[in-house]
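**Student:** These are the residues of each chain, in order.
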Amino acid sequence: MSIPADLKYAKTHEWAKLEADGTVTVGITHHAQDLLGDMVFVENPAVGRKLAANEECAVVESVKAASDVYSPIAGEVVATNSEVEDSPEKINQDAFAAWMYKIKPDNAADLNGLLDATAYQALVDSEAH
Amino acid sequence: MLKQTPLNQAHRNMGAKMVDFGGWDMPLHYGSQLDEHHKVRQGSGMFDVCHMLVVDVTGAGVRDFLRQTMANNVDKLTVTGKALYSCMLNPEGGVIDDLIIYFMREDWFRIVVNAGTADKDVAWLIKQRDAHAPGLEIKPRRDLAMVAVQGPEARSKVWLAIPGSQAVSESLKPFQAVAYNQYFIARTGYTGEDGFEIMLPATEAESFWQALHGLGVSPIGLGARDTLRLEAGMNLYGQDMDEATNPLEAGLAWTVDLQSPRDFIGKSALQTRPVTHQLLGMVLQDKGVLRSHQKIITAKGDGEITSGGFSPTLNLSIAMGSMPVGVSPGDMVQVQIRDKLLNAKVVKYPFVRNGKGLI
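Chains as they are written, first to last, in the UniProt record's numbering: chain A, 1 to 129; chain B, 1 to 359.
Don't read these hints as lab results, they were simulated from the structure.
Every residue, glycine too, gets a C-beta built ideally from N, C-alpha and C.
Among the hints, erroneous ones may be present.
Derived lysine to aspartate or glutamate pairs resembling DMTMM-like cross-links, with alpha carbons at most 20 Å apart [to be verified]: (1) B:K340 / A:E56; (2) B:K17 / A:E85; (3) B:K17 / A:E127; (4) B:K287 / A:E85; (5) B:K287 / A:E127; (6) A:K11 / A:E85; (7) A:K50 / B:D339; (8) B:K127 / B:D263.
Taking CB as the label site, the calculated pair distances span [what the hints assert, rightly or not]: (9) A:Q93 / B:K127: 25 to 33 Å; (10) A:E127 / B:A269: 42 to 50 Å; (11) A:Q93 / B:Q68: 55 to 63 Å; (12) B:T58 / A:E127: 48 to 56 Å.
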């Protein structure tokens, strides 16, 4: 699967999307779900929780293993996706559509510190070797 | 350099994701561990188990030798092809390995040992042989391949793949085997389903694998092998037991023969070691996934999960755990998962047998 050019990426394999209303939607990448395999459990952060950049805030568990999910940037959790909590396999089906949570960023400019699609592709390629 | 089974190229051709499994380059899955799990429960699947080792022990007095080295009683084996599950213990009563012993002839017993313990097992057997039965030959059989075919349709697929095998293997009871042409066909397995484990010349492994595949038998990786065996409530060496484990505390008392007057390595230690724990099943009541090494908090004291995971058949999380004596099926316990205490119910295992949930 190609890596969407309109998203930003953390080195820890989260994607982040700046929405029109100023919030940032977060999920894990296709590459991350592919490494983890069949997803069976998602635990999102509580709405209202304040997150620092790179803070552990969620967990995804596949049949194989549990994996921490980090916050790409600082902000406050304003929404969580109950659909992926109820049906974690949606992340396997389309990781870039199956978002996990939304944050109101402390500073939207922090997104500029994340990887773009090209840089993230390079990271994925380097991890494959 | 990772060790490869004779089926290595076949796995790659079938799209396997390969992983380092105890020094062996093995398939984790061929796309979806969950799909593979369900295929075995509902139809048939085949497993490359060539990394496990067949060891033939031959010569006059094999039975006596195994009476001393095995915790279960090989005197239960009197019919050719009959199999026995046993632990091999160290003098302290810890488990060197769990294995299957087949009775071939009075001067020939066949042992199948775990992959990760194979070298250690052979060295131990040779050491005991040198000390007590120098006339015996202990022969590792890396020239043999092993393929497990499991699931409700497994036996009928094997009968199609090996012409003429139905007549000789149809009446085999569980834990019985028969030699047929170049095949050694055993009605054993590690999934809680019916099926066969088949030994054959390594040079024939790939064509046999392809023949099964052509009949619609799905290749199954190590991922699904683990969820299937956990649902079946079967112990995994290195996880549910090891050399520090008292088998009487690990759900293996039924395999340890303390009744007969026969002496065996580890027996006297087991007779004096206090039994403080037991292996029980558990089902998570809250949302999450049980994993090995998580702490169990019970009214009788703490315990630890030895094998835990998600059960694809039951669609909930299950585990086997070491818990203090006094905890019983039906009791509620708590499991520490990260920063939370989640509720779990103690149950008897197996969790799934022949495709049906037992919880």
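**Student:** Hint by hint, where does the structure go against what was stated? Just the numbers, ascending.
**Tutor:** Structure breaks hints 2, 5, 6, 9.
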